[in-house]
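Residue numbers (the numbering used here), protein chains in the order written: chain A, 1 to 303; chain B, 10001 to 10179; chain C, 20001 to 21062; chain D, 30001 to 30121; chain E, 40001 to 40191.
Calculated from the structure, these hints are not laboratory results. Just so you know, even glycine gets a beta-carbon here, dropped at the ideal spot from N, CA and C. Treat the hints loosely; a few may be bogus.
Said to hold, decoys possible - Straight-line alpha carbon distances no greater than 25 Å define the calculated BS3-like cross-link-like pairs of lysine-lysine that follow:
#1 E:Lys-40005 - C:Lys-20883
#2 C:Lys-20972 - E:Lys-40014
#3 C:Lys-20969 - E:Lys-40182
#4 D:Lys-30120 - C:Lys-20184
Claimed, not checked - So the derived label-pair ranges between C-beta atoms look like this:
#5 C:Leu-20960 - E:Gln-40022: 22 to 32 Å
#6 C:Ser-20990 - B:Lys-10152: 42 to 52 Å
#7 C:Phe-21034 - D:Leu-30009: 48 to 58 Å
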Amino acid sequence: MWIWYKVLYALIVVIGGLAYGLLLGGISRKITARLQGRRGPSVFQNYIDLIKLIRKRTAISHGVMFFLAPMFRLLGGIGVLLLVPIIANNTALSNFSFGGDLIVVLYFMVFGCLGMALGAADSGHPHSALAPTRGLAQMAGYELPFLLSVIGLAIAHNTVSLSNLVAAQQGGILHWNLFQYPFLSIAGLIAMLGMYMAYPFSVVMAPQEIAVGPPTEYSSTFLSFMFTGRSIFGVGKYVLFMDLFLGGATNLVEAFVKTFVLFLFVVFISNVFPRYRTEQAVRFFWTYPLVIGLIDFIRIFIK
Amino acid sequence: MEDLIKRIESIFKVLKKERGKRDNLWIIEVEKDSLHAVLSYLKDNESFKHLALVSCVDWIENNKFQLSYILWSYQKRQNLIVKIFIDRDKPEFKTVLNLFPQAEIYEREIRELYGVSFEGNPTQNEDFVLEDWEEMPPMRRDFDTLKYSQEKYGDRDSEVQKTNIRKIISDFTDEWRRK
Amino acid sequence: MVNPVVIIAVTLIAAFSIGIFQFLGKKFVRGVFWLTILFDFTAILSIAYGFLTKVIKAPIMVKIGGFPPPIGINLYVDQLSAYLGVVVFFIGAMAAYHWINRGIDDPEPKALVLMLLLLLGSTGMIFTQDFFNLFVFIEITSIASYGLVASKLDGFSLEAAFKYIVVGSISSTFVLLGAVLLYKFAGSLNMLDISNHINKSMYSGGMLIIISIMFLFGLLIELEVFPMNGWALDIYQGANPAVVAILAGGIVKGFYLVFVRSANYLKFPYLLKIGIIFGLATYLVSQFFAWKQKDIRRLFGYSSVGQLGLLILAGAFYINGNLTGFAKKYMLFAIIFFVLNHSFSKSTLFFLADLFGKRNIEEWKGAISQNKFFGFLFSSSVLSMAGAPPFLGFWAKLFFILAIPRQYFYIVVLVLIGAAAEILYYFNLYRIASENDGEVLDYKGSIIPSLFNVLVLLGLAVLGAYKFFTITGMEIQNAKFLAFITVSAIAVLIIGISRIAQWILALGMLISFSYHLIRNQNFVSVFNIQSFFVILVLVGAVIFLFATYPLSKKYSASFYPLFIFTVFSMVGISVASNWISLFIFWELMSWSSYLLINQGSKKPAWIYLVMSAIGGYSMLAGIKLLSTGSNLIPVFKASAIAAPVWAAILIFTAFLVKMGTAPLHIWARDAYGESPDGFTPLLSGVLSKMGVFGAILTIVYLIPHISHSNIILYGLAWFGALTALFMALLAVFQEDVKKILAYSSISQVGYILIGIALATSLGYSAALYHTVNHLIFKGLLFVAAAGIIYRTGTSYLPEMGGLIRRMPFTFLAFLMGIITLAGIPPLSGFAGKWLLYSALLEKRWMFILLIAMFASIVAFMYCYKLLHAIFLGQLRDKYRDTKEVPLPIVIIELILAGLTMAVGMKPSLILRFSDKAIKTLGFSNPGYAYEGAHRIVSKFGYWNAYFMAVFAIGSFIIALVLFFLVKAKIRKVGQLDIGYAGEVPDSPESVHFGYDLYAHMRRAVRVFIYPHVENSYRRIYQGLMAFVDYTRRFYTGDLNTYALWVIITLSFIFYILYKGVF
Amino acid sequence: MVFFAASLLLIFIGLYAALVKRNLIKIIIGLSIMDTGVNMLIISLGFVKGRTAPIISLKDLFKKGSLLVDVSKVVDPLPQALVLTAIVIGVAVTAMALSVVIRMYSVKKSIEIDDFKELKW
Amino acid sequence: MKDNKYFLDDKPDKISYSEVWQKFFNWARAKSLWVVAYGTGCGSIEIPPMVTSRFDAERFGVSTVGTPRQADVLIISGYLAVKTLKRVIRVYEQMQSPKYVVGLGACTVNGGMYYDSYNTVNLVELYIPIDVYVAGCMPRPEAILAGFAQLMKKIKEGRADGWKHYLDNFEQYRKNQEKIIKNWKIPNYNW
């Protein structure tokens, strides 16, 4: 019976995550506009966009994979959000984190990306096919420092369970991994920039350069699903990073604050840097964050 | 520049010569049969390596097309316009592709817009700007664009004031010339 | 039984009568010749048969003129002489037949007389008991050979003959000097008599040393040892091949027997040293000089010389090596086998070289592939010559290596290096000959002698195997199994008219064998690591064999026999109980798989073979290190005692080669990529797993008992990790579907290697799970790729695209395979990754964990590339009417895809087997635990496969339902209906993005994907080649130099004797 | 001892010819000399100073009245028997070599070693 | 080019629908206008100022996208030649309903200064249903924003149904288009 409660809670989390994610997107647009000296759209603009997209009247499909890809994308987003505990050991908000641990989450994160890549490729548009290759290449770039920090933390705390990781960071702000293992955290947080594909690592979508990247051929309901998936995925990743580096959360307010701080970090970085080319991004990730992270990594290795 | 013209005159028959609006711009008119020789001479001996443009003028009054070959010398930094006249009823001429490969696209343009065909240019019948144009070449002066436009594209039947733009423009340019 | 002297007398009379009565005509001459040969052969065969059946119990002693031994001249025929006589006469008869058939050199009667004299001389040489008589017979043989060599009367043969005459004269001078000085020293010429008179202490005097050396040195020149063998090579190159065949195949063996026997009678104490120095030098030098050789006859000449060197080495060990017990017996059989093998196969090769007529090996293109029967004979001889199991050469080499005492390990190493070098150039020739693009070439003349020779070779192979298993006393089940394999393969080969029948028979055999195995209670009840791999092999083989059905008509008749051979030899590997039987089946597997790959593409197969040979021989060297004085056949468990580090490393090399671990991976890309499509799944899915099996055996049985085992294991893990990473990175930049999958395979096996190297129960769990899983998904991918290549006719990725519209089922299966490969949760791939990572975490190998995880991220790149370039994007016009891949392949694909799903939901389907297997490795638990029904817990984390699958599928369905609730009006549009800046694309090709998908990434990782390793190998190879090319100029072709080297060698021998190096 | 030295000298002369001479005929001559040297050596091995050749004539037999021969009077007969064979063989070899040289000359019109270096490496 | 191998050959269906919460959705559509700016003429230089800091169209929910599939609004930015018209038709038909067209500049209204050109389409609405014209030669960004305001108003009121008109009178539009486009080299309908 408890599983149905879980499902109910999960639904709430997903809907909440979606709302939060859309709001963050709106805020991001607003911040960007203000930095550029504009008024910018309303913070709720993303909600409006989503509603509009859902209520488009027609849509086109290029094939089965094209059709299923938005579902994969959404599934990937939901999976990541639901597999990380927002509040560890909370019946409602630890989600399905009993289903797997950090390794599962790491691999599940790829699920949506791969699905979207396949759909994009199925559309037959050369830009859509080009974008995933960029994305995967960039992924190979940022995953290295990210894995470095994750493995470092797992070894340091002797666990790959996210709940246990959160539990290990309790007891004051100085117990956070951000302060316990600052170099690992820096590497991880830089990797996070790449993971969000915001500037300077926005070569995947690269608006105006390769149309809009993978979803070039997507429209209407398909696009709304992708949009949804992306928002939820974004929130899921913020929660993951919060659990990894910022000590998790004990209540919702804390979770909101911490994820919002991470969000601001991404937004502000992305607004002041121009775009890297793929190989520049890869080289960047394989040098600075890696070297920085290795300091702590070796410290843990020796210990 | 005058020396150049004299040298040309000593070899070829120059029908008319005229200084342009700059010191380094001269216009000469030659016989149409000697054009290739002139261009070849200019290219090989006088360093006019660059064919900047081939243009066409419809002298409907004289029943002639004027073809102007605008040359440029990088060494001397001089422009020379060589012009010839061809019969308007029989708009045919030979290509200068063998001298200046870039003439291909100019000749294609003239072919499309004036209907002058250039013997020896393999691509002259391809579309240049217009797709599937089937009427009289549009830049000929006996082509009535207004009539064509109205017939083909219609006209907005509204209270927009219609001005004879052509008249205004000609008035304006006349006035400007007079100054 | 005939008196041996009759043979000599009859031959002599026949020779003279031919000479005198040649005016009676050709028929008479040939009649007399053949009658003589027939008589001699029958006679000597009867003697040999007498020895064989033990009718004749003691050596025959013929007293000529009735004088007793020390006084008269005696013939002394023992077992070996008789057998060798049979061989000599057989080869002689074959060579004569060949010669006559190919058009004998004029004048024919004289040539036949010389032939008879040659046989006579060599027979006498083998039989005689008298040193001076020996000299006479040697001279008869030599003069006959001079004449025969020169008989072609062209520039080459005359030149060779003259060189032979000069060097031969010098040699006989030494022999004569030795003989007469011996007479002076011992007062007798009878060998036995002398042998009884001298003893080793006499050698301290100095005189006897000089005498023996004189005598033996003369024989050594005739035996073509290294610095003095230029003339021999010239003969091989220049003389008539029929003559060369009898010389190399028969006469030289006579000289060898004489040499060994004389040394034995003389009790020459330095034979071992001389044998080692000159035998090894000859062997190695000629094996390497042959690399650069373009003339096929000289190439065979180098090989013959090399074999003689090996024989000298073996003989020296037999006579003078202090071998005891089994080792002595082994060495004797090694010598006999070497002689037989070399005589028959080399003479066949010379016959065939003559039949084909081309001298330059580059012109041999198409020789095998276009003449099937010729090809069969050629392949058999070459395989036998190079020591491929189950031919005689293999058993000879095995006996030889086993017999050499352990303190002479460097000899083992050098001999094996030479053997590898031999394989390198022999199969370079074989590669050229089996190329398929040459114009139609035919051979001229009769192949009957070659056929006889090869039939004898095949018979000898059986004999060799029988003798090997009986003498070594290895379990009879191995022999039975080997016989079973051979018989099955031959059975499949025989019905080669119809591929379908072959397919059915092969499949039937595999299935019935598996059924038989499962019915065997013993096998099921004792489930251990070996049963695990037997089941793996059989299941994989049945599945992949089934999928070859639509492809079968492309393949030659030998495809299915070799397939069966490969599969059963892998079963043999899996059930092996000692290292030697493991090695035997390992070599069987390598060679049969080489022949299979060679049916696809030649050069990669050659590289594969050379690498396999290096691996296999290093394994043999390692096994040699494991053997102790009395225990020549190391058993797995007993080998625990005092195993040196090098043994483990050497044995491991073989497995690393098969696993394609960097830097030994260079064969893998092309061998996988260009082998026949029906075989590649087996190669990747099962054959590379034999490396895994071997690695597990090594780590379980060997590594724990050596020092620094931790460092070795850690190093292995690093090898695995770097392989996993860099092969994945290389795969990203391939443009050929099978080559991507090839690199991917190596990369995945790298993961398995990490798991094994962990040597913890969780590590083994991960490795075994991933082994099975890799079989499933990589088999799936390769089978699907085979189907796609079958339908589209290309494996080049940029040529494909959009095939999802034509092959939906294949796409589905392929997608499943790719998701499994990428290790994304709901399917089975993730479990292996999770187990491996947990195991690595448990052992705190952080850097390896980092690299391994990162490698799987890199893998996504080529996963996407495969899916995109084959199935997605724009469909080309030429594939518009392509059909779905053939039904058997679809069935296999869907079965395998279903398996990945099932295993993904319930990993215990595989894990329960691996758990059992791990328990037999000495672990009490598999390293993880079940919590509840589905949740698997390690020390670090937990994971619920069932939940993940339900969660993913459930969420997916919910998303889909949601989508259908809100969806807009959807139209399925055409393939070129894309938003293309208002333009209409004019063709699918113009908007398909399929070539060099990761050009941008290439700029970032250029230094990592540059083929450093390949280039290093190439440089080493080219450097060796250049070195060989330079040093082989040693054979200047100048007669004076040859003579000079004789003197220098003699001086060298005396010098080192004088310095007391011995 | 003189025989030993002389025969060795002959052998070395022969070897020298085989090593150094570029002319085929000269090499054959060298081989013959070498043969002679060896033969001389063989003879000298059985030679005992002051003894006669081991030839038994009918006269000797009848003189003593018995078949027994005084072995102490003759040198060792065996080397002489051997040397006969060796000489025959040497001659055969020389003949063979010379015939080969004739053929070689007919093929290449030369008897210099430098023209017969095609088979190498 | 009418080869159904490559292109979907069907004509679009007519759409008739009634929506619950029509007003709400129309409001959303009006507040979220994604523009594909198809630079046909000199008006294309006026679009960038419109979206950059000074005029900031994004505050009205107007943002640009790079692909017609996701766009709601097509801006025909001035002078439209026959050759360009073909592309405009393709882009327009590739957009997903509901979709709106803004004609920018005098040229789109009646040909403007090119009213008598042999190659300028004088009456764009004969070929593409225009929802809003913005007059001017060229209109400044303020004018364009005003035009957008007008469009939003129309959408909110549910009157911006040019796309429906296009579908309903598809044959008529196609006839007009084919009249001036001689050689019809694009598919029957640009899906």
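Could you work out which earlier hints the structure fails to respect and list their numbers in ascending sequence?
Those not satisfied are hints 3, 4, 6, 7.
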